[in-house]
Amino acid sequence: MTGAPSGAGSPRVWIAILLIGIATYGFRLSFIHLFGRIDEVPPGIKRPLRYVPPAVLAALVLPDLMTLRPSVAATLLDERLIAGAVAGAVAWRTENVFATIVAGMATLWLFRFVVFA
Amino acid sequence: MDGDRTDGSSPTHDPTGDSSLDDDHASDDRFVDGDLWAGVRDVSPLMLGIVPFALVAGIAAVDAGLGLAEAIGMSVIVFAGASQLAALDLLGSNAPLAVVVGTAVVINLRMVMYSASIAPYFADYDRRLRAGLAYVLTDQAYALSVAEFDENPGRSRWRYYLGAGASLWAVWQVGTVVGVVVGTGVPDTWGLTFAVPLVFLALLVPAMKDRPTTAAGVAGGAVAVVAAGLPLNLGLLVGAITGITVGLVTEVVGA
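Those protein sequence lines, which keep their order, are chains Y and R.
Mapping of the first sequence onto my numbering: residues 1 to 117, in sequence order.
Mapping of the second sequence onto my numbering: residues 1 to 255, in sequence order.
Only true hints are included.
Derived Cβ-Cβ restraints for the label pairs, each shown as a range:
hint	chain 1	residue 1	chain 2	residue 2	range
1	R	R211	Y	A85	18 to 26 Å
2	Y	A99	R	G67	35 to 43 Å
3	R	G183	Y	A89	33 to 41 Å
4	Y	V114	R	G254	40 to 48 Å
5	R	P96	Y	I38	37 to 45 Å
6	R	L230	Y	L77	24 to 32 Å
7	Y	F116	R	V178	28 to 36 Å
8	Y	S71	R	E151	37 to 45 Å
9	R	G254	Y	L68	25 to 33 Å
10	Y	S71	R	R211	26 to 34 Å
11	Y	L77	R	W190	19 to 27 Å
The calculated EDC-like cross-link candidates involving lysine to aspartate or glutamate, where the alpha carbons are at most 16 Å apart (straight line), are:
hint	chain 1	residue 1	chain 2	residue 2
12	R	K209	R	E148
13	R	K209	R	E251
14	Y	K46	R	D150
15	R	K209	R	D150
16	Y	K46	R	E251
17	R	K209	R	E151
18	R	K209	Y	E95
What the hints contain is simulated information worked out from the structure, not anything from laboratory work.
Quick reminder that beta carbons are idealized off the backbone N, C-alpha and C, glycines included.
Please construct the entire structure, taking both the sequences and the accompanying hints into account.
Here it is as structure tokens:
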């Protein structure tokens, strides 16, 4: 049946959880398993891996901080982007995770409840 | 939090560096506690962002019509927040199963890159330990550990990583349950989920440490924003791959 109801008790939910879980564990295990069997990591693989942290983390973060809108002003005058910029500056100066999160949240609230309110 | 650098961490620093000697079977309990504890300690400020993330995962599970067992099942079996939120959103709107699974799988494909990146550090461990370590591979445990392994080669890698990874796992499970049980107590306008990208930002900034890594980050982020509208959340992968490519090109051109 294609129209099976979702929600509690539905096998649909458990099937989704299991399939996603198996695939995700496979991804996590993939190279960790493989590199135990080969002695040296080929340099052709090693070099690009250096860029995984900045590239992936930036691709995760930036879409949460900004959305492209029709005008430049509307894109830049976004409380999330401003808060992200402040938090980024704090992260750069202090390298302190706690200070980064506090600065980002405080800036977000300042603009959401005071400046843009 | 950073003031206690002097305690157990310096004696474990072994300038000869390689993992195989002190890593396989610890003969000294101080080292176990020192390295494991260092992972727990270093991950603790990140919890400021993980706790709201986990609460939201629990709340989203209720919103999507899941029961407590299903919500816990998802957090234990999948254990990957961004994909859980996307899957719950789609489950709640009765999307086809293939779309639910496909979207979550694409979001989690980045784990392959983390796995490849951290694998050389774990290569000396036996198969069972590696299989266990893989289970707690997350953005945060990965980014923290790789940075620490480079900075402090004397660390027992698996203990440091497990300290961070297991802490994240425990907080994630408890947070999910609290989210399911307590539900939507905090008003949406507070935007507590904004703490999630702030955690990633705090990991991203120190990862951009020279010109090629900075170029990789800038390009990856910019492309992900432009590609944000792509189906199945493909923008994340397109951005990540572009960023890695730009990093490599910058390395070659700048040399």
